[in-house]
Amino acid sequence: MMAPWDLVAILGDAGAWAVYLAIGFAFGFVLESSGFGDGRKLAGQFYLTDLAVLKVMFTAIVVCMILLFWSTALGWLDYDDVWVNPTYLWPGVLGGLIMGVGFILGGYCPGTSLVSMATLKVDGAFFVAGVATGVFLFGETVSGFSDFWYSTDYGRLTLPEWLGLETGVVVFLVTCLALLMFWGATRLRRALHGDGS
Amino acid sequence: MKCPRAAYWGAAMLLLASGALALYGQPDIERKWQYLAGEYGVRLDDRSVYIDPAELLSLMQDDYIRLLIVDVRPEPDWNLFRLRYAERIPIEELPQHRARIAGLPANAVVVVVSNGEALSTRAWKHLMVLAKPNAYILEGGLNHWLDVYHQRKEQPRESDRSQELEGDGEPLRHTFKLALGDRHRTSFPDPHHVNPRQYEPKVKLIKKVVKKGGCG
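In order, the protein sequence lines correspond to chains A and B.
To convert, note that position 180 of the first sequence is 180 in my numbering; the numbers rise steadily by one, no gaps.
Counting from 1 along the second sequence, just add 1000 to a position and that's the residue number in my numbering.
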């Protein structure tokens, strides 16, 4: 049977929760192991003093993308059944800007703030409290700007559809782009801060 | 700080894997059906997706069911005769309707019709590859429907013209003096005026799995 599977139907509620727990544990473990529970390391990305975030995240994206589409090519996974967040272009752009500013100011994104809180860091805990407050305020006010919130709806839009290229070609191009970025970012960091920083 | 040798090996592996993927390509509908045949082909083999005309008529009257009748025949046959509420979607246009069909609610039932069963079975396979809806096929196609419900004065024909109309060699065997489309009385026969017909009910509603995702 091709993935993705309906875990609740296969394993029951408890079994599915156990799988979710295991995936969440592994995700948190990798984030913490990469040092992403430390706001200073994360913020270093924006000052080009530490490029671990770019390298770890983009490597994860590229590896996941290659595995995903090889699985599809070999008939192990039905990509059409994989959830892809629908594209709301301008709300997405604005949301990305807000999150980027919050990331620089607070030193965390929502996921890494949870990792930070899990290791009892006070700044992480305050960041999580801020996220929860923001989520609550957003939920209470979104009806006031729902026209914008639902605007520029492109549905399930992916890079191959947008570019009109074969999926495999786009995977190759994104991989090249990632490697180019790693190389370029490392060169830039060396130029700005030297080898040792 | 020097870039470790392992990083170069990693980069080379990523390039190799993605380059090979670009050459290998993603599966088209036919190849995808081969992957899915083990799971869905059995429904064709045991004919559990072929529904009797009487079951389709019952679905057409059921207000609870959101019925989508997909007629995959060529336009000339569609113009001659079609079922009430049917929607004509040629096989090659099915991918354009993927999102809509995949998003149908749990009480939705899709029934694919053609003149016989060959074209509709092919369309059903495409539908399962594209959207996996709760889909069925009209048993014997519209020819069988007309055999059952058409109180005709005309005789079934052996027409050369109609064989040209449908590529899969499934001509519409019944003659029509006028192209009435869905205004023909057999398009949606009055259930009170047709002979009751015994059939084995095959349509089952499915539980929809909510798909969501995201990243914090």
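It is worth saying that the hints were derived from the structure and are not from the lab.
Keep in mind that a hint or two might mislead.
[Unchecked claim] These stretches of chain A come out as covered by chain B in the derived footprint (C-beta under 8 Å, 3 or more residues):
id	stretch
1	33–43
2	55–67
3	71–80
4	140–154
[Stated by the list, open to error] Simulated restraints on C-beta separations:
id	chain 1	residue 1	chain 2	residue 2	range
5	A	L7	B	L1023	29 to 39 Å
6	A	L105	B	I1029	42 to 52 Å
7	A	L105	B	Y1085	35 to 45 Å
8	A	F148	B	Y1199	29 to 39 Å
[As the list claims (entries may be wrong)] Anything over 12 Å on all C-beta distances counts as not near chain B; from chain A, calculated:
id	residue
9	M1
10	V8
11	A129
This one's a predicted model, so the numbers in the text were calculated from it and none came from an experiment.
From the three backbone atoms N, C-alpha and C, an ideal C-beta is built for every residue, glycine too.
Hints, one by one, checked against the model:
no. : hint                         : verdict
1   : 33–43                        : violated (count 0)
2   : 55–67                        : holds (count 4)
3   : 71–80                        : holds (count 6)
4   : 140–154                      : violated (count 0)
5   : A:L7 x B:L1023: 29 to 39 Å   : holds, 33 Å
6   : A:L105 x B:I1029: 42 to 52 Å : holds, 49 Å
7   : A:L105 x B:Y1085: 35 to 45 Å : violated, 57 Å
8   : A:F148 x B:Y1199: 29 to 39 Å : violated, 52 Å
9   : M1                           : violated, 6 Å
10  : V8                           : violated, 8 Å
11  : A129                         : holds, 15 Å
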